[in-house]
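Protein chains in written order, with our numbering: chain D, 313 to 660; chain P, 313 to 660.
In case anyone wonders, no lab produced these hints; they're calculated from the structure.
Wrong hints could be hidden among the right ones.
It does not matter which identical chain is used: a pair holds within one copy or between any two.
[Unchecked claim] Cross-link-like lysine to any residue pairs, in silico, SDA-like; alpha carbons within 25 Å at most:
1. K432 <-> E639
2. K559 <-> H524
3. K386 <-> Q515
4. K559 <-> G525
5. K386 <-> D530
6. K386 <-> H524
2 protein chains.
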Amino acid sequence: MSNRFTLSLDAMGGDHAPRMVIEGLEIAAQRFPDIDFLLFGDEKKLRPLLEKYARAKSRTQVFHTDEAVQNEDKAAAALRGGRNTSMRLAINAVADGRAAGVISAGNTGALMAMAKFVLKTLPGIDRPAIATYFPTRRGESVMLDLGANVDCDANNLVQFAVMGEVFARNVLNLKQPSIGLLNVGVEGYKGNEAVRQASAILQESRLPIKFHGFVEGDDIGAGTVDVVVTDGFTGNIALKTTEGTAKMVGYFLKESLKSTFISRIGALLARPALNDLRSRMDPRRYNGAMFVGLNGICVKSHGSTDEEGFANAIGVAANLVNGKFNERIKEDLEHLISSESSKEAAAS
Amino acid sequence: MSNRFTLSLDAMGGDHAPRMVIEGLEIAAQRFPDIDFLLFGDEKKLRPLLEKYARAKSRTQVFHTDEAVQNEDKAAAALRGGRNTSMRLAINAVADGRAAGVISAGNTGALMAMAKFVLKTLPGIDRPAIATYFPTRRGESVMLDLGANVDCDANNLVQFAVMGEVFARNVLNLKQPSIGLLNVGVEGYKGNEAVRQASAILQESRLPIKFHGFVEGDDIGAGTVDVVVTDGFTGNIALKTTEGTAKMVGYFLKESLKSTFISRIGALLARPALNDLRSRMDPRRYNGAMFVGLNGICVKSHGSTDEEGFANAIGVAANLVNGKFNERIKEDLEHLISSESSKEAAAS
Numbered sequence: 313m314s315n316r317f318t319l320s321l322d323a324m325g326g327d328h329a330p331r332m333v334i335e336g337l338e339i340a341a342q343r344f345p346d347i348d349f350l351l352f353g354d355e356k357k358l359r360p361l362l363e364k365y366a367r368a369k370s371r372t373q374v375f376h377t378d379e380a381v382q383n384e385d386k387a388a389a390a391l392r393g394g395r396n397t398s399m400r401l402a403i404n405a406v407a408d409g410r411a412a413g414v415i416s417a418g419n420t421g422a423l424m425a426m427a428k429f430v431l432k433t434l435p436g437i438d439r440p441a442i443a444t445y446f447p448t449r450r451g452e453s454v455m456l457d458l459g460a461n462v463d464c465d466a467n468n469l470v471q472f473a474v475m476g477e478v479f480a481r482n483v484l485n486l487k488q489p490s491i492g493l494l495n496v497g498v499e500g501y502k503g504n505e506a507v508r509q510a511s512a513i514l515q516e517s518r519l520p521i522k523f524h525g526f527v528e529g530d531d532i533g534a535g536t537v538d539v540v541v542t543d544g545f546t547g548n549i550a551l552k553t554t555e556g557t558a559k560m561v562g563y564f565l566k567e568s569l570k571s572t573f574i575s576r577i578g579a580l581l582a583r584p585a586l587n588d589l590r591s592r593m594d595p596r597r598y599n600g601a602m603f604v605g606l607n608g609i610c611v612k613s614h615g616s617t618d619e620e621g622f623a624n625a626i627g628v629a630a631n632l633v634n635g636k637f638n639e640r641i642k643e644d645l646e647h648l649i650s651s652e653s654s655k656e657a658a659a660s
Numbered sequence: 313m314s315n316r317f318t319l320s321l322d323a324m325g326g327d328h329a330p331r332m333v334i335e336g337l338e339i340a341a342q343r344f345p346d347i348d349f350l351l352f353g354d355e356k357k358l359r360p361l362l363e364k365y366a367r368a369k370s371r372t373q374v375f376h377t378d379e380a381v382q383n384e385d386k387a388a389a390a391l392r393g394g395r396n397t398s399m400r401l402a403i404n405a406v407a408d409g410r411a412a413g414v415i416s417a418g419n420t421g422a423l424m425a426m427a428k429f430v431l432k433t434l435p436g437i438d439r440p441a442i443a444t445y446f447p448t449r450r451g452e453s454v455m456l457d458l459g460a461n462v463d464c465d466a467n468n469l470v471q472f473a474v475m476g477e478v479f480a481r482n483v484l485n486l487k488q489p490s491i492g493l494l495n496v497g498v499e500g501y502k503g504n505e506a507v508r509q510a511s512a513i514l515q516e517s518r519l520p521i522k523f524h525g526f527v528e529g530d531d532i533g534a535g536t537v538d539v540v541v542t543d544g545f546t547g548n549i550a551l552k553t554t555e556g557t558a559k560m561v562g563y564f565l566k567e568s569l570k571s572t573f574i575s576r577i578g579a580l581l582a583r584p585a586l587n588d589l590r591s592r593m594d595p596r597r598y599n600g601a602m603f604v605g606l607n608g609i610c611v612k613s614h615g616s617t618d619e620e621g622f623a624n625a626i627g628v629a630a631n632l633v634n635g636k637f638n639e640r641i642k643e644d645l646e647h648l649i650s651s652e653s654s655k656e657a658a659a660s
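Isolated chain D, as found in the complex (with noise of 0.2 Å):
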């Protein structure tokens, strides 16, 4: 049973807010019905829109702002002269504890480094990170850093290492899930500096995580480990790749079964197989990446993403909140820390 909570959501982000944001709404209301909303955002287009929607008027409180940060916003331009902007004043609400998490659709370089000045990251933390789990052959795995962080150096590999983690014990419910380095091949010698100082620290530390070693591009989708970890530069083309590759394929597989009439007819009745195909890969069912790492549950929803992909970042969202999700890293992040310190102390 959940208990009854808030959450806070950025109206104005996102290429087609706020319309799919109400929409996006009205259907997390009803796929969770103990959830309240705080909707921020330019109420003479909000409210127009939440008329429609007698479910979603009845469980949110609207707040106007007329600011909100545009697409091309630089994030330090946005956290200095931001500050009534809808998606300030959305993770604002959880600062101050009105919402037990925000999310939204909008400029994610912005979102990070409001984020991060107003929530503050968890101890042990330099730099939080955004981390999604995807499909693979073998089940489900996560990767991050998504792009919150181009330059990384090897600590922060680790750092992410711990909490993909958590994340993955905890959103994909693993016992415990195994962590790859992302990198160019699987020898010791190979990739950069960072990936190899980074392999070498993961090795030798005493970490109760079961650290595979280096991956390869190609073991993201055999789902070769549970949790991909990599800078935000890599990680951000290598997620992008892996939708831009799912879509080439369902347009080849597409041509290639309208080719013939006899495969035509093979089609119609595969049809509900291929629908199965289509719903099982279907990236609004994976929208809503997790800033993990702060003090506080962010969630990033794709910006081109329609009504159901922001329900689903919603769920995302509600289900973090459902399992006390940033309690638990906290807690986990502490006793990694402790284990590495008593190392350390052991050490000297």
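Go by the hints and put chain P onto chain D.
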């Protein structure tokens, strides 16, 4: 009409060498009646294999060596101590004019180090890169670097853009290929220092190339640009990620089609279309990555490929020789470099 020429093969490189090299040679010998082969490796293993293939045998000269580069050898060590390895001797044959190009499925780092040392880089190129073409929704595109240089600065990326342009023009027969820099977003301020600087250089340069700007991971499969330029770390991971994702989708498709009796019938009717899809995505079809920027044709085959894939890698080298690729890339580079220097002269 092609003239008769000779290719040099490292018989000992690759997971299934030397068997798949000889069998691939036999397939290639059928496809290319005007090519002769020099085969470097352990005679005791090669002779009995060649005995099975009269055609391959009649067109092949075997050169014995006991030594071979191992997969776990570091590039520097292989370069220093590997003067009598099959890989090194095969490359030497290109340098001294006995062969028009070399193909190896062995250790990538060692092959690049040796090829660079023996063949030298082209004027104006600091570091050679690994390039290949791959299927996209729009047709085929080129990507580089795929792993030769894990750390790249802006100038390296600019040189890759130039080499990729020439490669796409000559290998994909495009009049004016478009070039994109792989990044985590399309906005100018996104990404790391190297890609931002490279983008500025390409935008301001007078190079007669069509620079599209930044592209993201999903643009790879979409075929948004003809040439995707990136550092060797990201490029290697992106390419392998597409392979892994395509495999995963294929696996899901198979599973879905088996799920009900009706869908099995559908799959049976659609089988030729599905086979068509499989062959279109077959990684063996795209096996054979070119080392661009060297004074000579050097093609790297995937280490785990089979004879069909190795024959395709031989085919890549054959097409590059037939198309006088290296002469054309040299001319194009000189032209590009002189157009750049005239700009610099004008600016100073």
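**Report entry** Intra/inter-copy verdict for K559 and G525 if alpha-carbon distance must be at most 25 Å
**Finding:** Cα proximity of K559 and G525: across copies only (22 Å, versus 30 Å in one copy).
Report task. First find the shortest C-alpha distance between K386 and Q515 inside one copy, then the shortest across copies, and answer within, between, both or neither for a cut-off of 25 Å. Result -> Result: close only across copies, 21 Å inter versus 38 Å intra.
Requested in this report: With 25 Å as the alpha-carbon cut-off, assign the pair K432 and E639 to within, between, both or neither.
Outcome: This pair counts as within: shortest intra-copy Cα distance 15 Å, inter-copy 58 Å.
Query raised in the report: Given a CA cutoff of 25 Å, do K559 and H524 count as a within-copy pair, a between-copy pair, both, or neither?
Result: The answer is between: 22 Å across copies meets 25 Å, while 30 Å in one copy does not.
Query raised in the report: For the identical chains here, do K386 and D530 meet the 25 Å Cα criterion within one copy, between copies, both, or neither?
Result: Cα proximity of K386 and D530: across copies only (23 Å, versus 33 Å in one copy).
Query raised in the report: Given identical chains, is K386 near H524, meaning Cα to Cα at most 25 Å, within a copy, between copies, both, or neither?
Result: Cα proximity of K386 and H524: across copies only (22 Å, versus 37 Å in one copy).
Hint compliance for this structure: no hint is broken.
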